[in-house]
Amino acid sequence: MLNDVTFGQYYPAKSFVHSMDPRAKIVFVIAYIVAVFLAGNFFGLAAVTLFLVIIVAASRVPFGRVLRSVKMILFLIIFTAILNLFFYSSDVDHLIWQWGIIAISWEAIINMVFLAMRLFLLVMGTSVLTLTTTPVALTDGIESLLKPLKYIKFPVHELALIMSIALRFIPTLTDETNRIISAQKARGADFETGGLIRRAKAMIPVLVPLLVSAFRRAEDLGDAMDARCYSGAKGRTKYKKLTFTWRDLVGLLLFAALIAGVVLLNMYFGGKFAVFDWIAGNFFVG
Amino acid sequence: MEAVRFENTKFSYRDDGKDPAVNGVSLAIEEGEFVAVLGRNGSGKSTLAKLVNALLVPSSGKVFVCGMDTSDEKLAFEIRKSAGMVFQNPDNQTVASIVEDDVAFGPENIGLPREEIGRRIEFALDAVGMQAFRHSAPARLSGGQKQRIAIAGVLAILPKIMILDESTAMLDPKGRREVMEVIKKLNRERGMTVILITHFMDEALQADRAIVMHRGEAVMDGAPEEIFARSDELEMYNLTLPRAAYVCKKLQDAGMPVKNAFTAEELAEAICASLQRG
Amino acid sequence: MRIVAKGLTYTYNPKSPFASQALKGVDLTIEEGEFFGIIGHTGSGKSTFVQHLNALIKCTGGYLKVGYYDLADKKCDFLELRSKVGMVFQYPEYQLFAETVAKDVEFGLKNFRKDMDEKQRAQAVREALETVGLDYARIKDESPFELSGGQKRRVAIAGVIVTKPEVLILDEPAAGLDPLGKKELMELLHSIHGGWCKTIVIVSHDMDEIAENCTHAAVFSEGKVVLTGTPPEIFAQSETLFSLGLDVPTTARCALLLRERGIEIDTDFTCDDFAEKVLAQWRAAGMPGKTGAGQVAERTTSGTESDINREQAGGDGDAE
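Protein chains in written order, with my numbering: chain A, 447 to 732; chain B, 181 to 458; chain C, 7 to 326.
Because the hints were derived from the structure by calculation, they are not lab data.
Accuracy of the hints is not assured; some may be wrong.
If we take Cβ atoms under 8 Å as the criterion, some of the chain A residues that face chain B in the derived model are [said to hold, decoys possible]:
| # | residue |
| --- | --- |
| 1 | THR618 |
| 2 | ASP672 |
| 3 | CYS675 |
| 4 | TYR676 |
| 5 | LYS718 |
If you only want the chain A side, here are some residues facing chain B, beta carbon under 8 Å, derived [unchecked claim]:
| # | residue |
| --- | --- |
| 6 | PRO617 |
| 7 | ASP666 |
| 8 | TYR685 |
| 9 | LYS686 |
| 10 | LYS687 |
Just so we're clear, the structure is a prediction, and the values are computed from it rather than from any experiment.
Cβ atoms here follow ideal geometry from the backbone N, Cα and C, with glycine treated the same way.
Please construct the entire structure, taking both the sequences and the accompanying hints into account.
See the structure below:
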């Protein structure tokens with residue numbers, strides 16, 4: 447199940463979004479997150495949703511695949527939504543039901559839907575980044591974006607190398623963990639029953655060999671890196687160079703438009719409860 | 181020219197210098213030679229390998245690689261450029277999640293320009309027959325393929341010497357064959373000096389020269405055929421004959437006039453010649 | 007315990023885009039008391055199959071019985087089954103975890119034999135360590151991480167056989183060992199076989215190892231058993247093996263080459279037997295070109311192999 451971490455959720459395809467510069471994509475995701483939080487009403491969120499649909503279409507990643515990333519945190523979304531539903535306690539004009547401190551109101555419902563949509567859009571949008579960018583490219587992008595920190599002696603290169611090696615070893619160590627678990631199960635180990643402490647104790651025969659093996663691998667890798675002339679960042683060149691292209695410029699314009707659009711919608715329609723006025727104005731007039 | 185020279189080299193993992201893993205080895209390896217180093221686990225053969233590319237520095241005595249003294253710290257970088265090393269565990273040598281990025285690691289370290297790194301990757305993957313996997317993840321390759329990538333990673337630095345420290349030990353027969361083919365090709369076609377640490381006797385047979393290590397000393401040194409003909413000595417060093425050679429020796433011991441044979445093919449030839457004499 | 011598999015199927019990650027069918031209907035019977043070899047490429051399904059035998063992989067399709075345990079039955083007592091079917095993984099030394107050798111070996115007992123007291127356990131650990139050829143008194147309090155590679159592997163094997171499983175499965179038990187280490191390990195397995203563990207199943211890539219050690223073997227390919235029988239029966243099918251990209255033992259290869267030249271050698275493909283059969287032919291041909299003069303010729307017709315060797319050693323100074 448964890449065997450595919452190398453590629454993370456990466457969905458290989460040739461698309462406009464795939465071939466954008468990872469640095470640009472990271473910046474855009476940040477811009478996207480800002481837009482989601484800026485959106486103060488449903489019209490803003492609708493605009494973001496529309497934007498997201500266009501991006502997903504341009505990425506050629508099947509929509510179901512993007513939705514699947516939400517599935518993992520669906521529980522979290524539902525949980526926050528329910529909390530919000532029952533414990534919403536700001537100004538309430540449209541109360542529906544109350545029992546002690548637990549109350550349901552139209553405001554709470556709207557707030558819940560609003561929050562759930564926000565979370566949903568956040569996860570969808572960020573997963574477009576991980577679906578269209580390999581972890582390696584992401585690491586490169588982060589390294590490049592952090593480069594200015596070098597001037598304050600922040601070890602950017604080392605950090606990036608550590609990240610890339612960690613990514614590379616995840617599948618190896620996952621395999622190894624599975625193998626050790628099987629081996630100890632064959633010797634009668636039981637990881638499934640008993641209380642928390644018992645279960646934690648049962649993991650010792652797995653964790654110790656795993657740790658020993660990780661150290662052994664680290665030592666081997668150190669030798670292998672030395673043998674391949676590694677001597678730190680000094681005098682080192684990079685094979686993969688990131689370059690901005692016209693796609694990134696297009697992206698930049700699009701995201702600028704999105705943020706501007708959201709801000710305008712906020713100004714025009716007001717806050718999220720403006721929806722009451724809007725419904726009243728459109729359906730209950732006369 | 182001499183590729184490697186050991187001069188009464190000693191090495192101990194202990195600070196007090198006791199229990200030396202390599203105990204007074206003196207020998208020279210010529211450029212372009214294909215040398216197999218045999219010996220039981222713990223005979224000092226892996227230590228010997230690490231002494232060649234300055235991962236270890238002798239406690240006493242000297243090791244010269246292409247004329248450079250490995251105990252001179254300033255030369256370590258140049259020495260590693262000249263003598264590349266492939267290790268035993270195919271899973272513990274790759275640094276990157278994509279094949280080409282991994283092969284690029286060495287050339288990046290020696291500060292080559294981008295275009296040159298691209299050419300080196302192409303060359304190295306071509307030499308090991310792995311071009312088709314340039315954009316794959318090493319984690320998804322077979323053991324033999326992973327080791328070929330490791331060889332490519334070393335090749336991309338264009339070393340004169342390639343040391344393989346039991347690099348076939350963890351592979352299945354198919355993987356071993358693949359790696360041996362690559363090594364032999366590099367030796368024959370590119371004149372690469374190869375030092376192959378192994379405990380597979382049939383691999384040693386494919387070398388020009390075999391050195392037997394025993395308790396830190398180089399106790400036998402010669403053509404593999406010559407070494408395997410000295411079966412009693414081999415037994416003393418706890419090494420076993422290749423199976424064909426074992427059968428051959430049994431036949432000879434029983435008085436059957438068969439020529440020395442080390443592979444199934446040679447054995448069949450020898451038996452046939454002997455039986456059809458009558 | 008007899009192992010019977012009929013139409014055994016298994017799919018990894020079912021109902022997902024990564025679904026891959028590892029077993030496509032395996033039919034195989036392993037009788038009690040056999041020293042069974044399982045041959046096949048990486049990905050042939052052999053590892054998946056052996057992990058079924060002690061329910062590390064749950065049986066999801068087909069029929070599988072180990073002794074009277076029905077592995078397709080969800081109510082089967084898997085813990086009890088695992089105590090009867092021991093499993094030694096590849097490079098088992100990497101599963102060692104306890105601070106002392108004795109504690110590590112004891113792990114399985116503590117899990118499986120809750121009825122045993124400390125004394126009984128210590129006794130069982132001692133027996134297991136001595137069986138794998140280690141000096142109990144000297145090694146029991148050592149840290150398993152301080153041992154040599156060969157010793158670690160023996161300790162790991164002791165940790166599996168300590169519960170006296172009736173069936174012992176080993177995945178590439180000799181991998182990574184030097185030739186003498188391999189030989190010693192195989193000798194160890196033979197010493198366990200029949201008594202300590204009635205049935206032994208090894209997974210191996212090494213055809214020589216299979217030919218020399220196994221009573222029966224099966225060849226796996228693409229999730230199915232394609233050949234099964236005694237090693238001579240299997241290695242007689244060299245063409246099938248070659249077509250699967252598998253090798254034959256050195257002796258089988260040699261016998262094939264001899265057959266091409268019109269010499270038939272009927273051997274069980276172990277080195278000693280092969281040499282003997284060649285010598286028999288040679289003697290039958292009147293020992294052409296006998297070295298070391300003809301003084302032993304008379305005796306060889308009636309004498310045994312070792313007689314000849316002894317004679318040869320005595321008569322021929324440089325032979326031994």
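- Tell me, which hint numbers fail for this structure? 5
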